[in-house]
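Enquirer: Chains as they are written, first to last, in the working numbering: chain A, 1 to 297; chain B, 1 to 337.
Just so you know, these hints were derived from the structure itself, not from any lab. Heads up, the beta-carbon is just placed ideally off N, CA and C, and yes, glycines get one too. Take every hint as true, because none was put in to throw you off.
Covered by chain B, per the in silico footprint, the following chain A stretches (three or more residues, Cβ under 8 Å):
1) 92-98
2) 111-121
3) 261-275
Residue-level listing of the chains:
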Amino acid sequence: MTQLVWNGLFVGSFYALVALGYSMVYGIIKLLNFAHGDLYMLGAFTGFAVLGAAGGVPSSLSLPLLLGVLLATMAITGLAGVALERVAYRPLRRAPRLSLLITAVGASFALEYGMRAVAGADPRVYPVRLGGTPLEILGARLTPQQLVLIAVAVVFMIGLNLLVTRTREGRAMRAIALDPRTSALMGIDVNAVISRTFFLGSALAGAAGVMAGAYYGKIDFLMGFLIGLKAFTAAVIGGIGNIPGTMLGGLLLGLLESFGTFWLGGEWRDVFAFGVLILFLTVRPTGLLGERVTERV
Amino acid sequence: MKTGAAGPKVRRRGVDRPPTRVSRLLQNRWAGAAGLLVALLAPFVNATPYALSIMTSAAIFVMLAAGLNIVVGYCGLLDLGYAAFFAVGAYTSGVLATRFDLPLLATVPAVLAVTVLAGIVIGAPTLRLRSDYLAIVTLGFGEIIRITANNLDVTGGPSGVYGIPHLTDGPVSFYYLTVAVVSLAVLGAARLGRSRLGRAWRFVREDEDAAEATGVNTYRVKLAAYIAGAVWGGLAGVLFAAHLSAISPASFTFLQSALVLMAVVLGGMGSVPGVVLGAIVISLLPEVLRDLADYRFFLFGVLLIGFMLVRPQGLWPARSKEALRSDEALRSEEALK
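Okay, chain A solo, but in the shape it has when bound:
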């Protein structure tokens, strides 16, 4: 039982990290960035390349090294996200929503199969593996590395929340979410803030990608597709556009999946998760912590 809870929290913290980027971008420019899951994939592959360039890894150093790689990867995927926004999304910001969604699907496709062309279709084995001896905590088995990964995820989430609620930058983001035109009149550089939002969201997705690669040990070019869908589910459960809600949604989805797998069997896990998504959208489309928004015409 506690084992299920811990597993759920662990997987949920990945979901939450990826979902945060989704949720931030959606909150600010109301765009569903389908390519977000693929930025996670890009992060995993970038981490793979950086680790490969760093050469042999002594197993005693693996954790600090991994944190260094994590930061490098975050910078790279963040810049990729900014480039994506600049090339594919900014020119269409005033276009009908359908064109923007189709562009996002195209971006996702281009990233996935571009990576396939570069790195090949076969799964790659991560050079760093977080094994370690499991500890007994409250009757559940956890490795210290798992705990470190959860801690890193929590630090990122708290940092992001502080950034959005306490800083000048965060205030600009919230202002743009409310009304981009008035924000521009108040002297906010809207394009720059949106770029930086993409940077943050993509960097978090990249971090989750490296962590997933190091934990599961295997990466492939389609790994972002499913997690993109799951992250969206997490964001919807918590309330899309709402940062604490999204974190809650991620953890909750992880727990639900963990218990769903236990009751129904692993092959139904994804069906269960998407079922939850559809249920939430029908019953409470604003999510647990989201506010009801009336659409202006």
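Add chain B to chain A, keeping to what the hints say.
Expert: Relative to chain A, chain B alone:
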């Protein structure tokens, strides 16, 4: 597209310009007949089993694109799980035909019933949502259907259903049957687009709130588009099952849905001839670009972005009767001044 706007004259691309020779050719009413003629004569040029199989697949793909065009092109609802309906149709007919030894034709009523039901089950809860939520929910449904087919025993699990009876006795006659069915389906979709319902669909696509305000029941209209799309996809699934005589979950991945969407966007959303052209291009492209197989899907993704940036109306854009009429009205107004 808002037509007839007063105030400073805005040049709208493709509307204000007088029709060029190419666009007049594209609007020719005989374009469809010419296309059908080409399809009918193709087996006389090359009738190897391989070529026939490719052409039959292309025709089935045309039918899928025509169905998705109803949902995406006419009504403006992004469906990213269209392969789900294709799968529902193929599996319903395949399972019924193999379990109960029915001829494939006898399963068609059941397929119709099941696809309509699937359209309602998927559409009813999701069509009240914002359009971008709908996109991702349909994506989820596409995965649900595929994973379910993969897990159940009735559907044969990962290896799927095999030994599905053929509809006709030879590949040539099956090709002609497919062309006939697909032509009817394309024609039906085109007629539907010009009907009262079709006008309501386009109204919803252009401005849902305005449509609601003028008394269009937008929810029911959207559900109708969704069900129509489901039926087209399901019937294409029957043809698919008959063509390959074996189906498995691997045929109904997100990739398949995305390819159909690609065909619709490339050809021109809402334009029936454009969508047919797009479907033929997308389904025959792998045969032409064999050496580029690794880069094909990458290219598709880049093309999707490029088309949306540069030419969102597609290769063969739709020109609705209303636009033509308001064009004429504008011109006669200017002549009066």
